[in-house]
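Please construct the entire structure, taking both the sequences and the accompanying hints into account.
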Amino acid sequence: MKKNLSLLLALVMILSIVAVGCGQQAAPSEQPAEEVIKIGVFEPLTGANAAGGELEVEGIKLANKLYPTVLGKKVELIILDNKSDKVEAANAATRLVDQDKVSVVLGSWGSGFSIAAGAVYKEAGVPAIGTSCTNPLVTLNNEYYFRVCFIDPFQGNVMANYAFNEVKVKKVAFIIEKSNDYSVGLAKFFNDTFVELTGDQNAVVYTGYYNTGDQDFTAQLTGIKASGAEAIFAPGNFTESALIMKQAKELGLTLPILGGDTWETPEVIDIAGAAAEGVVFSTFFDANAKLTPVTTEFLDAYAKEYAGKEPAAVTALGFDSYILALDAIERAGSADPKAIRDALAATKDFPGAAGTVSLDENGDAVKSAVIKTVKDGKFTYLTTVEPIKK
Amino acid sequence: MSLQTFLQHLVNGISLGSLYALLAIGYTMVYGILRLINFAHGDIFMLATYIAFYSVTTFLLPWWAAFLIAIILTALLGIILERAAYRPLRSSPRISIMISAIGASFLIENLAIVIFGGRPKAFPIAPIFSKILVVGDVSISIVTVIIPIVTAIALFILNYIVNKTKTGMAMRAVSKDYDAAKLMGININYIISFTFGAGSALAAIGGILWGLKYPQLIPLMGIMPGLKCFIAAVIGGIGNIKGAVLGGFILGLGEIAIVASSPALSGYRDAFAFVLLIVILLFKPTGLMGKNSAEKV
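If you read the sequences in order, they're chains X and E.
Under my numbering, the residues of the first sequence are numbered 1 to 390, in order.
Under my numbering, the residues of the second sequence are numbered 1 to 297, in order.
Please note: incorrect hints may appear among the correct ones.
[Unchecked claim] Over the 10 Å line for every Cβ pair with chain X, so calculated as not near, a few chain E residues:
1) Leu-16
2) Trp-64
3) Met-98
4) Ala-170
5) Lys-176
6) Trp-210
7) Leu-220
8) Met-221
9) Val-259
10) Val-279
[Claimed, not checked] Each computed DMTMM-like pair below joins lysine to aspartate or glutamate, with the alpha-carbon atoms no more than 25 Å apart:
11) Lys-131(E) / Glu-305(X)
12) Lys-188(X) / Asp-137(E)
13) Lys-178(X) / Asp-270(E)
14) Lys-38(X) / Glu-230(X)
15) Lys-131(E) / Asp-376(X)
16) Lys-65(X) / Glu-277(X)
17) Lys-171(X) / Asp-270(E)
Worth flagging that the hints you see were computed from the coordinates, not collected in a lab.
Note that CB positions come from ideal geometry on N, CA and C, so glycine has one too.
The structure is reproduced here in structure tokens:
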């Protein structure tokens, strides 16, 4: 009896591991290999960033449903989980290029994972299209990494400008997610611009840190309360950010809270509740700012597929990464990764759901940013900021 | 640092420390009886919050009923876990039980990901718990006040059970000498199940309070609190209930103190727990309140 029970338990454990593995893979196609074009997707589907990854895969699958073929061949999506972990991201990338031999890769949510996987793609000569990885290091010195989103300097710059010109504050506090390249990068570029605008070397009066997965921020917020800051800039993972908003309110902090694109997930409003009211962040997309004709196409398809749900910006970016990949394959006229890379590098004025994409010499998208706030429990469009031409 | 700021930090620290204490008691109780670190304790804690979540959102129960059900079901889960994963191995070497505990922990975490999904869920908070009290310049959410009170009540009840009841006497006997207790006619299985039930119920109370304070549920939410509370139990002297409470408070207050004293160090708050563990193990291996007991021959 005892033996049977432990055997059963062991079996359940093995099954659960297998089940976890299967859940994240697309069903294998039954067509012979030469008739499909394989597109790899690597996204965090479990772990701290699972919500973001899931939203992007939603967009990619939607685009795949609308455009299932290219060059007369069927497109097969191979979706791997990078488990919100940098080491796993590199492993997933290796599997995509070595084992699955994909033509092009889409993803990921979170710059850290993209940076970790970048070297693998570069070495294998397989082009990758970043979805919402906004850290400059993703594409820097990597001619195989491109992206459909703008980069952190622009986002940090936009928010610093907004804080100085619109919110009219001169002293800010930072709460930075220490282990997140995205958060550290955004804060750095915010800092550079803000110091320049105010002409005050000490315009950032408090810099606190936290680790991914932390849930208690009362000590940092109490410090901010005493620091004389007039606004808080807290770019970072949305799960922690939502708790920051909530705890700020509980501590009686009424300062404006500013952040980055990661905040645009419904969970922020669910978790922070009334405390999310009035927070401001920059992002890529808003259904009310119809940026291109593709925006309408995306919105219609999304409404049909997920009735009653509002599409997130990262879902639109996932959508864009897929249609850009298809466009590049078409322009290259083959599924050869090198040819696709060259076609991608030449992308100019490509209409995507989240704005017009032109790729610069680093492979970064030059496009407009949208500023949004939370009003009456909903994400509300505030204004659009045009790219700074260099 | 002004007085207000200091008081605000103090309140934050006490509240966090009480949560750690509640969880640490569960570790220490099981260790006291079985000499087993129940690594799945943090995951039991996670399951409690999910049970409370689904009771409110899916079954539309009022909050108090949901909490009661969560505590009872979690206690049952703790008992089932012991039966399935630990009892069959009770006579095996201790390392086998430990590996089984780690396996059970991974099993629960991965099952939770499959069943509940990886996206965080918002813990439903009844309006009574979202009030904010303002005393001078110190503002305190009502939950922050409730947590230490509930911890104190739970500790009082537990203390009564362990020291004043027959079951408690049996628990103490089992923890002193397992075989002798068995020879004296104590129903070992019942006592161990009871210990797991009580420890898991405390984890459930901790989980519900945690959910009220940090209303975000993810399947892996039990890992870090689990680790930290294990450390709290070791710091206080594992096997000693009062020690676990002391350890919890040292850890909670210490973490807040680190961030309060220097924002630049705030990224190292988790490291603080582990450094403290190493220091305590170096200078007082039995923990602050642990007794030096000679190994049984």
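How the hints compare with the structure:
no., hint, in the structure
1, Leu-16, "violated, 6 Å"
2, Trp-64, "holds, 21 Å"
3, Met-98, "holds, 15 Å"
4, Ala-170, "holds, 24 Å"
5, Lys-176, "holds, 27 Å"
6, Trp-210, "violated, 8 Å"
7, Leu-220, "violated, 7 Å"
8, Met-221, "violated, 8 Å"
9, Val-259, "violated, 4 Å"
10, Val-279, "holds, 21 Å"
11, Lys-131(E) / Glu-305(X), "violated, 40 Å"
12, Lys-188(X) / Asp-137(E), "violated, 32 Å"
13, Lys-178(X) / Asp-270(E), "holds, 12 Å"
14, Lys-38(X) / Glu-230(X), "violated, 51 Å"
15, Lys-131(E) / Asp-376(X), "holds, 20 Å"
16, Lys-65(X) / Glu-277(X), "violated, 36 Å"
17, Lys-171(X) / Asp-270(E), "violated, 29 Å"
The structure fails to meet hints 1, 6, 7, 8, 9, 11, 12, 14, 16, 17 from the earlier list, while all remaining hints are met.
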